[in-house]
Structures are given as structure tokens and as C-alpha cells.
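**Student:** Residue numbers (the UniProt record's numbering), protein chains in the order written: chain A, 1 to 226; chain B, 1 to 226.
If you are wondering where the hints come from, they were derived from the structure by calculation, not from laboratory data.
Mixed in with the good hints, there may be bad ones.
Treat identical chains as interchangeable: a pair holds within one or across any two.
To be verified - The calculated SDA-like cross-link candidates involving lysine to any residue, where the alpha carbons are at most 25 Å apart (straight line), are:
{"no.": "1", "residue 1": "LYS51", "residue 2": "GLY210"}
{"no.": "2", "residue 1": "LYS51", "residue 2": "GLY106"}
{"no.": "3", "residue 1": "LYS51", "residue 2": "GLU151"}
{"no.": "4", "residue 1": "LYS6", "residue 2": "GLN70"}
Computed from a predicted model, the values in this text were never measured in an experiment.
2 protein chains.
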Amino acid sequence: MREIFKQEIEQLGLDLASMAEQMSTAIGKAVTALEQADLALAEQVIDADEKIDAIQHNIDEQAVSLLARQQPVATDLRVVITALRMSSTLERMGDLARHVADVARGRYPETAARGAGHDVLMRMGRQAVNVGDQVVRLVNTQDLDLAASIESEDSVLDQLHEESFQVVLDETVELPRQEIVDVVLLGRYLERFGDHGVSIARRISFLVTGDLTNAVATETNGTDVQ
Amino acid sequence: MREIFKQEIEQLGLDLASMAEQMSTAIGKAVTALEQADLALAEQVIDADEKIDAIQHNIDEQAVSLLARQQPVATDLRVVITALRMSSTLERMGDLARHVADVARGRYPETAARGAGHDVLMRMGRQAVNVGDQVVRLVNTQDLDLAASIESEDSVLDQLHEESFQVVLDETVELPRQEIVDVVLLGRYLERFGDHGVSIARRISFLVTGDLTNAVATETNGTDVQ
Numbered sequence: 001m002r003e004i005f006k007q008e009i010e011q012l013g014l015d016l017a018s019m020a021e022q023m024s025t026a027i028g029k030a031v032t033a034l035e036q037a038d039l040a041l042a043e044q045v046i047d048a049d050e051k052i053d054a055i056q057h058n059i060d061e062q063a064v065s066l067l068a069r070q071q072p073v074a075t076d077l078r079v080v081i082t083a084l085r086m087s088s089t090l091e092r093m094g095d096l097a098r099h100v101a102d103v104a105r106g107r108y109p110e111t112a113a114r115g116a117g118h119d120v121l122m123r124m125g126r127q128a129v130n131v132g133d134q135v136v137r138l139v140n141t142q143d144l145d146l147a148a149s150i151e152s153e154d155s156v157l158d159q160l161h162e163e164s165f166q167v168v169l170d171e172t173v174e175l176p177r178q179e180i181v182d183v184v185l186l187g188r189y190l191e192r193f194g195d196h197g198v199s200i201a202r203r204i205s206f207l208v209t210g211d212l213t214n215a216v217a218t219e220t221n222g223t224d225v226q
Numbered sequence: 001m002r003e004i005f006k007q008e009i010e011q012l013g014l015d016l017a018s019m020a021e022q023m024s025t026a027i028g029k030a031v032t033a034l035e036q037a038d039l040a041l042a043e044q045v046i047d048a049d050e051k052i053d054a055i056q057h058n059i060d061e062q063a064v065s066l067l068a069r070q071q072p073v074a075t076d077l078r079v080v081i082t083a084l085r086m087s088s089t090l091e092r093m094g095d096l097a098r099h100v101a102d103v104a105r106g107r108y109p110e111t112a113a114r115g116a117g118h119d120v121l122m123r124m125g126r127q128a129v130n131v132g133d134q135v136v137r138l139v140n141t142q143d144l145d146l147a148a149s150i151e152s153e154d155s156v157l158d159q160l161h162e163e164s165f166q167v168v169l170d171e172t173v174e175l176p177r178q179e180i181v182d183v184v185l186l187g188r189y190l191e192r193f194g195d196h197g198v199s200i201a202r203r204i205s206f207l208v209t210g211d212l213t214n215a216v217a218t219e220t221n222g223t224d225v226q
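Chain A extracted, bound-state conformation (with noise of 0.2 Å):
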């Protein structure tokens, strides 16, 4: 019995694996359809986030199902309740990396944020696509270094997210409209992925330490205003 639990919750810990993988990859295509105006990129995105969707639905179905037929307690316990959670975070990173994909389909045959807002925006998809890949790195290493370092680097899309204000915020720089609402839209999707991002660093934090005071922060707010 017990040997069949410990594989049941090691498939729980690949199934989470893979999909921060997918999530990873996604928001890498996000930003490079958003950058290049490449429309076959954004849709493949925009397919993809439906398999995120039913990996997240597997691993739900799996942690219930464990906690009903195993009834797992200590450690076993925190890792499923932190398997449920994770897939929830990491489905949440999945729908921001569409919605960037959405933001490049729509432009099309232009590009996103041609103008002012560009230079901000494209340091900000460089910086998830950084946050995406640390996070894949973190499932399968659960380093606390790298989690740390996922937290406290957070504060770089904070500020970038502050940076794209000023540039809209700007009355003397030319904007068209639509230029305006997507540097505001993709800067608040790309500054939520990274708070995502620190969700996850704190919730495997939890996992290695059993510390609960960072495991029940289920978000972080950031930066949101000005």
C-alpha cells in the first residue's frame, strides 16, 4: 500500500513538473510572438493553454483521490495539499502567458506595443521568461537559494510594471490609444505572472521547510497603482 502511495505522489510531482514546463515554454512563445508579430507562435500559445488546463484538472483529481483513499499526514499531507495549490498557480501563469498570446493575435500583421511602451514592455516578457524558466527549475530542484532568489527578483517586474506608467503617463510622447491599453494590459499580465512566480517559490519554501507562514500568503500583491 505504502509503496503505491510514494508513486502516486511522485507522478504528482512529475504531472507538476510538466506542467510548469508547459507554462515555461508558453510564456517564452508569448513574449517572442509579442515581439515578432508572429501570429502562428501566439496561436500555438493560445492551443497549448488547454493542455496546461487539463494537466492541472489530472492533478487535482490525483491530490483529492489521494487524500480520500490514502488519508496522508505530515509531510505526505503538506505535499499534496502543495501539489493542489502549485497547479493552481501554475494554470493562473498559463492564462497570463495566453493573454499575452491574445495581445499579439489581435495586433496583427502589426506588432503589440510598437512605439514608446516597447523598450519597457519586452524588458518585462524578458524578465518572466526568466521567472518561467527559474520556476521549472524550482519544481525539479525544490532549491530554497533559488526560491529566495525568486522572491526578492520580483521586486525587477515591480519596477519595470512602474517604468511602463511613466511612459504611458507621459502627455508629450505620442501614443495611439491602442498602444496605450496594451502597454497598461501586458504590464499588469507580466506583473502577475511574476507575482505568481513568488507564489510558487513560497509554496515549495513551505514544502522543504514546513513553514506555514509562507505557505497560507497564497498571493502577493505587488504593484498595481500610479
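Chain A is already provided as a structure; the job is to place chain B on it using the hints.
**Tutor:** For chain B alone, kept in the frame of chain A given last:
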């Protein structure tokens, strides 16, 4: 033993109801603060968000402790898992109410979105307040008709959200940059608020009917771009 368990499950329900109540109060005050440039009201919402977060912390600790000590199965397990998920969603709705209040505070003594976007944002705000009220009733009554109505009525917020984009994208309408930014951000916050209401409605349906199809769809995506 079962008597204590029953009491603990009831306590979870009471805490979720209290959390819903405070979230609903928060969105009501935030929308009024936005409409009337009421700084004190905005600050009440911002301060109260910590209390909502604290209830979530409690609910999550209780739920995990229940799982560890009582190892519930069947309906009881479903109740505890749903409580975990609902607390996370209600906390997020509280955050979004606080974001709305943040915008109101940031523009004080001016009113945010005074110009062309005012009307559509206020309609979105009132609809979000309506969602908050309905979620409170739903958590208290677990009425499946109400859950269905929350889900179907989300299209109202989605349509208003679309309308808000039309307003800001119209280059012939004079709009300061700050106002464009506020309409896009507030529109996004309020639309997401509605999505989370749908998420609560689905979880309650899951709780009552046991239909997992709705339960694992942790988020609805709404319409985001254009």
C-alpha cells in the same frame, strides 16, 4: 470525536461566510470611494484587507489541521477542500477591492475616471457590488439557482468591460492619459472580480452536487483583450 469534527466543519463554514461578508463590504466601499472620491472610505478598504487575509490564514490552518487529524473522506473531504479553495478566491476578491480603493486613493482629491470612462466604470462597479452581495448569499444558502445566476450574469461584466475598451480606444474622445490608464486597470480589476465570483459559484455547485467538472476549473478566464 465526530462531534468535535462536526463543530470544526461548521466553524470553517462560519469563517468562510465572515470572509465573504467582509469582501462584499470591501467592494461596496471601494466602488463608493471611487465614485465619490472618498479618501477615508478608500483607506478603510485598504486597512480591512489585512483582516480578510487573516481570516484566510485561519481557514487554511484549520482546514489543513482537520485533514491531518480527522482524515475526512467523501462529503467531509469535499467540504474541507472546497473551503481551502474558496478562501483563496475570496482573498483574491478582497485584493481586487483593495486595488480599486488604491486607485480611488491615488487620485484623491480628484475623482478617478471622471471623464468619458466614468459611466461604464460605474456600471461595472455596481455590477461587481452586486456580485459581492450574491456571493455572500450563496455562501450562506448554497442555493444552486443563485450559483447558476452568478455564472450566467458574468456576461454583464464582460460586456461592460468590452464597452470600456471602446470608450478609451475612441481617438475622437478627449481623455487624459491617467484616465485611460485608470479605465483599463479598473476595468480589469472589476472584470476579474466577476470571474472570481463565478469561481465561487462553481465551487459551491461542486460542494452541493459533487460534480467535479466544475470544481477543478479554478478560474474562469473572461474576456481580456481588444
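**Student:** If a hint holds in the structure, say so; if it does not, say that too.
**Tutor:** Against the structure, the hints come out as follows:
In this assembly of identical chains, LYS51 and GLY210 lie within 25 Å of each other by CA distance solely across copies; the values are 24 Å between and 31 Å within a copy. In this assembly of identical chains, the alpha carbons of LYS51 and GLY106 lie at most 25 Å apart only when taken from the same copy (22 Å versus 40 Å across copies). In this homomeric assembly, LYS51 and GLU151 come within 25 Å of each other (Cα to Cα) only across copies, at 24 Å, whereas the closest approach inside a single copy is 27 Å. Taking CA atoms no more than 25 Å apart as the test, LYS6 paired with GLN70 passes in both settings, with 11 Å inside one copy and 21 Å between copies.
Every hint from the earlier list agrees with this structure, and none is contradicted.
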